[in-house]
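From just these sequences and the hints, can you work out the full model?
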Amino acid sequence: MVERMPLERCGLSPGKKARLHRILFDNGLGNGTAIFLPYDQGLEHGPRDFFANPAAGDPRYILRLALEGGFNGIAIQIGLAEKFYWEYAGELPLILKLNGKTDIPSDAAALSPLHATVADAVRLGAEAVGYTLYVGTPSAKADFAQFRTVREEAQRFGMPLIVWAYPRGEAIEAKGGKDSFYAVHYAARVASELGADVVKVNFPHPEKRAAVPSDYTREFSSQQAIDEVVRAANRTLLLVSGGGKAGDEAMLEKARESMAAGATGLIFGRNVWQRDHDASLRFVADLRDILAKYPTTERG
Amino acid sequence: MVERMPLERCGLSPGKKARLHRILFDNGLGNGTAIFLPYDQGLEHGPRDFFANPAAGDPRYILRLALEGGFNGIAIQIGLAEKFYWEYAGELPLILKLNGKTDIPSDAAALSPLHATVADAVRLGAEAVGYTLYVGTPSAKADFAQFRTVREEAQRFGMPLIVWAYPRGEAIEAKGGKDSFYAVHYAARVASELGADVVKVNFPHPEKRAAVPSDYTREFSSQQAIDEVVRAANRTLLLVSGGGKAGDEAMLEKARESMAAGATGLIFGRNVWQRDHDASLRFVADLRDILAKYPTTERG
Amino acid sequence: MVERMPLERCGLSPGKKARLHRILFDNGLGNGTAIFLPYDQGLEHGPRDFFANPAAGDPRYILRLALEGGFNGIAIQIGLAEKFYWEYAGELPLILKLNGKTDIPSDAAALSPLHATVADAVRLGAEAVGYTLYVGTPSAKADFAQFRTVREEAQRFGMPLIVWAYPRGEAIEAKGGKDSFYAVHYAARVASELGADVVKVNFPHPEKRAAVPSDYTREFSSQQAIDEVVRAANRTLLLVSGGGKAGDEAMLEKARESMAAGATGLIFGRNVWQRDHDASLRFVADLRDILAKYPTTERG
Amino acid sequence: MVERMPLERCGLSPGKKARLHRILFDNGLGNGTAIFLPYDQGLEHGPRDFFANPAAGDPRYILRLALEGGFNGIAIQIGLAEKFYWEYAGELPLILKLNGKTDIPSDAAALSPLHATVADAVRLGAEAVGYTLYVGTPSAKADFAQFRTVREEAQRFGMPLIVWAYPRGEAIEAKGGKDSFYAVHYAARVASELGADVVKVNFPHPEKRAAVPSDYTREFSSQQAIDEVVRAANRTLLLVSGGGKAGDEAMLEKARESMAAGATGLIFGRNVWQRDHDASLRFVADLRDILAKYPTTERG
Amino acid sequence: MVERMPLERCGLSPGKKARLHRILFDNGLGNGTAIFLPYDQGLEHGPRDFFANPAAGDPRYILRLALEGGFNGIAIQIGLAEKFYWEYAGELPLILKLNGKTDIPSDAAALSPLHATVADAVRLGAEAVGYTLYVGTPSAKADFAQFRTVREEAQRFGMPLIVWAYPRGEAIEAKGGKDSFYAVHYAARVASELGADVVKVNFPHPEKRAAVPSDYTREFSSQQAIDEVVRAANRTLLLVSGGGKAGDEAMLEKARESMAAGATGLIFGRNVWQRDHDASLRFVADLRDILAKYPTTERG
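Chains as they are written, first to last, in my numbering: chain U, -1 to 298; chain L, -1 to 298; chain Y, -1 to 298; chain G, -1 to 298; chain C, -1 to 298.
Note that these hints are calculated values from the structure, not bench results.
Incorrect hints may appear among the rest.
No more than 20 angstroms apart at the CA atoms, straight line, and that leaves these computed lysine to aspartate or glutamate pairs for DMTMM-like [to be verified]:
| hint | chain 1 | residue 1 | chain 2 | residue 2 |
| --- | --- | --- | --- | --- |
| 1 | C | K173 | Y | E85 |
| 2 | L | K243 | Y | D105 |
| 3 | Y | K243 | C | D284 |
| 4 | U | K173 | G | D101 |
| 5 | Y | K173 | L | D105 |
| 6 | Y | K173 | L | E42 |
| 7 | Y | K206 | Y | E168 |
| 8 | U | K173 | G | D105 |
| 9 | G | K243 | U | E6 |
See below:
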């Protein structure tokens, strides 16, 4: 178990602290935890992700769901932000996702190009920006270079920078795959070393030991693994991603272990909205019950 | 009596609306009204303004007072914002005052030079910027030109622009003085015509009729005057300034008439902090009781 | 008596804190106090200031004196910095004075034009920059505008900004003169409101009561006055200037009262080098004895 | 044995000299030697490097270790610098590492992309920047081009440039490997030729003679080899890297030979912090004993 | 008597030193002294200056005279540089004069506008640039600001910057006039403080004591005065201007005293070319005899 970092120990500039504070204490449970609703799957996977609950294909439905569910923010691409956020502007924090790609070509040399800038986020009144960084790919040089421009602009504007830290590429596959403890552990650290204020990772799977580096072939419980991942991120706040839809109890257990490990919160999309409206809210209520047990004081 | 303008009828860009919404609904009474604490008197009048309550010379005392009193924001200059806001960043909206001057030379051709930019406000996580516009002075050309650069930058960044609209200069003195209904009425309209999102005016004195233009020599009640001032500002939200310290009952009556007229709120400084801590909070509680009677619904 | 502000409560960016920390703890007494040697009189008054001790006309003599005397830094203009600092670069902090003027024309509308930029200071390895701001003059608009560009550049580079806050001009003369408690008190606050990290003021003269605003006509001791001046500067560190050469005991008493008031230190030029070398060092030793009594802990 | 170069004979601009002087004479032993703590392994190798001493995964632990151990500086990436340096800003020189990569993909065409700029280093109050240059790889064209932009910016800002000069790639492997005398000798010279102010190399292994060019197949002692490497670097100060953790006596012997050869100092990471806290400090004390025997006078 | 400063003690960048070294050691007597031919009188006074020797109106005549006379350089404006220098390019150092004005309006608020840039000087192969700075005028703010841009560009390009430091304006007239010891002494220091590499002054007249500040009413010999002027300029090399045509013996005596005082050389125009060709060369030969007595060693 790792203690959660209070904002004032995180080396944040006043602007980054102000915006993160508003996200964490003026929204959601208001207790320093967070649950975000990511809604970039229409770009990342295509609209087939909405077949399970066609209403979810409408961004306005999702924005209202985020409000009703008491989320701490919604993460969307620039096009949906321009067309849908104005109606609820200020009622819910906007996390403007700055890059993204389709899943049509292979992920072997994955790189997610920029579609928007931090200046767009400022203009729209967003409280944070999101960037997908693929760790371990052959495109890492271009990705790191692109990321640097975003980090600099976020620093200049005092805008919190949330990094989707995703292990990808053939070298990752050859070393145990993208969900291994090794891969997730390393990805969390890379985001922290490169300047993320918040990092979003998948839950690590220490039981996937085939081909991982020898340090990771030991026995680790999932709690031990997520503890280490949070520790690797140090003063970078950590969010655990839901990933594809899975059984509710498994998801809730992931959430419990993550929060116990010192994660700041969750970022769950398909597990939330790939079911009907009321079921979505019931599932979110269960997640909120978990978060309520892990408050951070407003001043550290 | 004038109906208060809901945000979504004000022609605001998403960023301006998001920020104003957070100021009005995530802070203070959360009912769409506002009470702001202005604290630029150390620059505008010098530190002698703090002799009445020496504790008030410490910006940290003022920030804490604003938090305890449930204010919707604090308006300070860049120097104090840099040095004091970080500790409370995000706990209270910052209105960065962009210009200001001393009262050492005469006000005959008053012009308040810029000390900071809208980009500074973005960087610090401020939710609005403030600009003092002197209406009617011989320096108006330079003032309007300087204001234009601020308006443009505020527009680009989605940052709400609050204008301190102050009649000043010898021509104003020759036409009834800076507190006349004529002068305040005109100043409110000028701010609206030039692009203010919010305007701060002094309470109008329709009884000061000496030398004012003939249209204003009729009998107007103070309620009629403030009604007209709010109407002149149209979709520019209006705040009434407290000015120098005066009797509490007179101030509360000003507040009541202003809110009845459709003002969005109050911006009271010396009347709040030129007394001891507990007396300040008691006075603010009385103001909040008035504001509580004038809620706006979150969506119009 | 006012408590001295530890650096980590001053809202400084990491770069400003790093540089101020090195000035205050790696130089001089290393106890958080400072004594600086200003050497811009060759520009401000002309080389006649060196007639009292011709050796002092040589900048190299002054640099060596600053090293031998254990000063925390030397404040010089760009021309001398380029030609003399390289020899001692890193052995003593350089404060690059960015503006300055001659005393040939009258001071009625004094404005001190820029000769160098913060980028020059970075390039030369300086640890701070200095700017002379004339408070209360008819040129204040131009001065404030020029100052803003310096403040922004200093903020961008993490360079501490020391403001020489000097009341000047006919309005100041009409209100009691540049050394009155009123004028010095106001000047310290203006520097703080506009974004100085450190402010240099003359010692206030509360006994000069002729024509000052009524708040200042009361009886104040010099200790009370300097206490209030330090308080007005709040988180802006305060240095007391020596001014023209005066009697040693009077200067030491100024120094004692300033340090007791919570000043960070002294900036004494002519009182140091307008005497022969050994006498200079003896006087500095007396000043250091005073500073040694007012340590600040390295972490607040 | 090679004489160590005094700073004033190195052709440094005043800013570079000022910063290097502060690193070498205001920190560590203050005798012109240096021992740096590199801490970029979380990015370069991943957090598994911390399994040997989990406390070392916390950057704050490392910063405190550097302070307690009397290091001359710590070398970290931008993310950790932003989040951790502020607390100790100015207490210890920061070397901002500007580029870095993971070890996930192969090193065949290694290139370390930029994550930060010299302007970031200036803003954070860093005293030097670090750049990893891979000598001999197929990516050298891109690497040299990228390096040029860094060198130019470092020159403009007067910021010392420390080059991690690492032989890499298949051609190096084909000619004896990255630790051969040939490879290290060549790498030191390349850094000097391209504009490094300081170069960090691995200790050369003249006994690895298989496949090296014929000039290097002669018998050289390790002392002869490191002598030649220091000579090849000429006025570029030289640091010897510790590399992976090895036996203490071997490391101390490397240190002795390096200092005898005229190296300026050491940059040891894993050998320091991959053991418990007190053992780290004991090992550092042994290194300091060696450095104490090789002082340089402050002025050459 | 003041010792002349060797170039390597002047804090010059490599480019400035390279160019000055070529001027001083590859031209003229090659002994570190200099005599320059200024030829901007056609702009400053108009072509009537050529009536005394009509041939001198032809810039080609002047260039050839400079070559024949063994001058260390010629100072001309951009128009003549473009049209005449190509023919002798490289045979004689070009000092490109960057600003200048006519004498048609009054000198009360004299300011000399820029006509060319340091980039022009680089393009033309010039070895230095010249700038006229008027010290003490009401236009000093604009002049200092303009000068700053030139100084920065000269620094960036490594181009030596020669300042024509001329006291001017009503305040100077009121304090003893432009040739007084006070005025020349102050002007030399101002150039040095603001960043001149070389300063050109008129010979001081200590006997002009009417209205000068009291420090200058003492008895000073002309040798004492020029000694002090050179000392005030410190590491800024000093050239003595010839001014209007005067008696040869007086001019030679000025030259002797200047060189004895430690001046680097002379810049004589009208005294040279306002006589026929052979007389010009004879006079120059006399000046060279003086300079030959004051060699500086090439390395200090």
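Going through the hints against the structure:
| no. | hint | in the structure |
| --- | --- | --- |
| 1 | C:K173 with Y:E85 | 37 angstroms, violated |
| 2 | L:K243 with Y:D105 | 36 angstroms, violated |
| 3 | Y:K243 with C:D284 | 48 angstroms, violated |
| 4 | U:K173 with G:D101 | 11 angstroms, holds |
| 5 | Y:K173 with L:D105 | 15 angstroms, holds |
| 6 | Y:K173 with L:E42 | 16 angstroms, holds |
| 7 | Y:K206 with Y:E168 | 17 angstroms, holds |
| 8 | U:K173 with G:D105 | 15 angstroms, holds |
| 9 | G:K243 with U:E6 | 36 angstroms, violated |
Hint compliance for this structure: hints 1, 2, 3 and 9 are broken, all remaining hints hold.
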